[in-house]
Amino acid sequence: MMNVILDYLLSLPSDIIFADISFTIMLIATVYFLTKYAKWKWLWSWITSTDHKKIGIMYLFVSFLFFIRAGIEALLIRMQLAFPNNEFWVFQGERFNQLTSTHGTVMIFLVATPLLIGLMNVIVPLQIGARDVAFPFMNSLSLWLFISGGILINASFVAGGSPNAGWTTYAPLASKEFTPGPGNSYYPIGLQVAGLGTIMGGINFIVTIIKMRAPGMRFMRMPLSTWSMFITSILIVYAFSALAVALLLLTFERLFGTVILSASEGNPLIWQHLFWIFGHPEVYIIALPAFGIFSDVISVFSKRKLFGYPSMVFAIILIGFLGFMVWVHHMFTVGLNTNITIFFALTTMLIAVPTGIKIFNWLFTMRGGRIRFDTPMLYALGFIFTFVIGGVTGVMLGTVPADYQYHDSYFVVAHLHYVIIGATIFGVFSGVYYWWPKMFGKKLNETLGKWNFWTFGIGFHITFFPMHVMGLMGMPRRVFTYPEGDGLGFLNFISTCGAFMMGIGVLFFMINIYITTRYTKKRVLNDPWFSRGRTLEWTIPSPPPAYNFARLPEVKSREPLWDAYERGNKNINFIGEYEDIHLPNSTSLPFFMGIGFLIASFGFVFEIWPVALSGMLIVFLMMSIRSFQQKNGIHLPKEKVRVQDMRGED
Amino acid sequence: METMSTQMHLNHKQAQMNILAFWFLIGAEVVVFGCLFGIYLAVKSLTGQGPTPNELFKLNEIMLSTVVLLTSSFTCAIAVYFLNLSKKLLTLLFFLITILLGLAFIGLEIREFTLYVEEGAKISTSAFLGAFYLLLGTHGFHVLFGVIWISLLLVQLWLKGINQETAPKLFIASLYWHFIDVIWVIIFTIVYLIGKV
Chain A
1 MMNVILDYLL SLPSDIIFAD ISFTIMLIAT VYFLTKYAKW KWLWSWITST DHKKIGIMYL
61 FVSFLFFIRA GIEALLIRMQ LAFPNNEFWV FQGERFNQLT STHGTVMIFL VATPLLIGLM
121 NVIVPLQIGA RDVAFPFMNS LSLWLFISGG ILINASFVAG GSPNAGWTTY APLASKEFTP
181 GPGNSYYPIG LQVAGLGTIM GGINFIVTII KMRAPGMRFM RMPLSTWSMF ITSILIVYAF
241 SALAVALLLL TFERLFGTVI LSASEGNPLI WQHLFWIFGH PEVYIIALPA FGIFSDVISV
301 FSKRKLFGYP SMVFAIILIG FLGFMVWVHH MFTVGLNTNI TIFFALTTML IAVPTGIKIF
361 NWLFTMRGGR IRFDTPMLYA LGFIFTFVIG GVTGVMLGTV PADYQYHDSY FVVAHLHYVI
421 IGATIFGVFS GVYYWWPKMF GKKLNETLGK WNFWTFGIGF HITFFPMHVM GLMGMPRRVF
481 TYPEGDGLGF LNFISTCGAF MMGIGVLFFM INIYITTRYT KKRVLNDPWF SRGRTLEWTI
541 PSPPPAYNFA RLPEVKSREP LWDAYERGNK NINFIGEYED IHLPNSTSLP FFMGIGFLIA
601 SFGFVFEIWP VALSGMLIVF LMMSIRSFQQ KNGIHLPKEK VRVQDMRGED
Chain B
1 METMSTQMHL NHKQAQMNIL AFWFLIGAEV VVFGCLFGIY LAVKSLTGQG PTPNELFKLN
61 EIMLSTVVLL TSSFTCAIAV YFLNLSKKLL TLLFFLITIL LGLAFIGLEI REFTLYVEEG
121 AKISTSAFLG AFYLLLGTHG FHVLFGVIWI SLLLVQLWLK GINQETAPKL FIASLYWHFI
181 DVIWVIIFTI VYLIGKV
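From first to last, the protein sequence lines are chains A and B.
Position 398 of the first sequence, counting from 1, maps to 398 under this note's numbering, and the rest follow consecutively.
Position 5 of the second sequence, counting from 1, maps to 5 under this note's numbering, and the rest follow consecutively.
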């Protein structure tokens, strides 16, 4: 028996053996340290928490793990492409396709989106003066569905093969006819689970923002971060449901033999349409919250009121609206009717207008301000520079005749990384540095922060700028090598060097977290940013108590805290008496529901129906238990709230 | 608490939030079914070796399912009417009739599908049939989910009476039920009636 297992293990390719070994080591190390420091209970309290701040931190943590995994994949891709006719390790042909497909899928669905949802969780309730989100239970469920879907996509690598039809998984390549085996089944099923959680999260934040704002917090007084996250939530609800249908369709194609996407009997274009009806709003789902974060950061670090607040809000809404009617620009080379193509080319270019409004407003906010160049601000400035380049190449790509040249070349790769890293990843770094003191009560180290920014930022441009040129020279995307003598070797080598520099930048960030957590003793006050804070999250202790606001904040303007500073006060006024505060129960049901979905998904992927059925039964059982639960929650007595609040204020 | 009217239960803040969230969920469902209708219309003519819509559908039996489901929507509305009057037993009775009609609808649909499959119209036969089963199956699954959900709610209604927890839940379930009914009306028009033309 042991021999059989050993033979099987030795027959695996070396990269999978390596992944298996490192996974086992990490698992053993985690268990060892959790046991050694007796942290199991602590871990369970996080898993079952319904506190929006803790859920947000878990979102950030888990998506950062996925970020590292997909980042390592990016480095492997760059290693393979560093030289002409290179053969690095096993990553040629099929394995290379798996690398690029999972790199893209993980980065978009399991990194960019959840990182921003994590920040949304942490700050939206704080910025609107609420004690929690509208549906704390559903919030925890969103988290666990995301983690389940993420585990599924990530585990595919060692369990039967990863998706290999690109992150867009175009049919008919993705159908069973051309890619048999479980690989491409992981994609629709894993993303379906994660997407379900995202839709719930979107609904949760819409209702939270509509219904739970503090007294006086009118819509036109909300901070820009909250505004952008509000519009993003709306986009999530309508875009992810289109994705859900596309994934359902692909699941049926692969599992039940429908021929809707078949090239001979059906219409494979349906997949492209559905995917991009989701896919383009998704670009704004991950860009808009970053825009919001930058608006807050730029205003705080310039010590100036945001320039043109109403036009900023209007621009976000307009971008969200137009974002739904540009999807065909991903499909210009399909050969649709000219009028349709022209319509979508025009809407695409129209989006440059509200985006331009925002860029100019940020610049005018800084004008005449007393600017501090701390890490969040550096990332914001880096974003403006990078995103303008990405925007220009975007308009170039939107020009139909030219697009026939750029399509599926490295020019597109360069463009999409400029906008997605330039907006989302820079935005998340900026937001994490900015709100880290609020989340953990300690400020991240500034020196290391600056090292982090400059290595990551310069590395980014070294990696991706040459890709524009490679694309114009004709290098197609998703190829694992290129011949010598095409003049691509030098540019590719530069690009690989830049990628490693970005990797070093991320290492600086991790070192920064470690050093800050381990060695920084100093706890920050309510507003750690040199008394420049403007919005409600800086009026409460860092980290905030479970209930956030002991008494409700009084909001009379767009920038309540800044106005209080202007009047010479230390903080804003809180209204009303102390009262008993209702807090939601912690619950393990979402965690078990996530496990149920995980089991069911493996059953579906490998088409073992009893497993799939039992997984679904676990899910329905948990839902039924939830339906019958008494949802009383915990009541925190007002005396305790008062004592805690007094202690926090001195 | 017992003296509070149903309307007051529904006006409670958490109930209002639940109802608002549910409207957004219905918005998402509209996109889902919109896409499924789009897929169906795009491949309707791709019948390949299989039967065309005109050859396949038997309007008489579809009429029966339609009447059954529309009646269930009517009884559901009556149930909510009694819910508003805080009449526990009548609410229970009419919701019970609603889910029985829902079950009957599912039975009819299963019979219809088995008949088609026996005639050789399988899900993999043609793109048209794939889209047809996908759309109708998604709708049928929604009906089934509604039946299970409302039955669980009825157990709670039986045990706890009409209160701050059960009243909003039943109201939301009724919104859901009407929604899947509206979808059926569209299916009946776009799939069956136009398919017969």
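Read the hints as simulated data drawn from the structure, not as lab findings.
Hints are supplied without guarantee of correctness; some may be wrong.
[What the hints assert, rightly or not] Under the rule of at most 35 Å between Cα atoms (straight-line distance), these lysine-lysine pairs were calculated in the DSBU-like manner:
1) K450(A) to K570(A)
2) K303(A) to K521(A)
3) K305(A) to K450(A)
4) K211(A) to K570(A)
5) K638(A) to K211(A)
6) K13(B) to K211(A)
7) K13(B) to K556(A)
8) K13(B) to K638(A)
9) K87(B) to K631(A)
10) K631(A) to K160(B)
11) K631(A) to K88(B)
[Stated by the list, open to error] Sample of chain A residues lacking proximity to chain B, with all beta carbon distances greater than 12 Å (derived):
12) V207
13) M212
14) N445
15) P476
16) F628
17) K631
[As the list claims (entries may be wrong)] Selected chain A positions facing chain B (Cβ under 8 Å, derived; list incomplete):
18) Q92
19) Y238
20) V245
21) G257
22) V259
23) T447
Just so we're clear, the structure is a prediction, and the values are computed from it rather than from any experiment.
C-beta: ideal position from N, C-alpha, C; glycine also.
What hint numbers does the structure not satisfy?
-> 12, 13, 16, 17, 18 and 23
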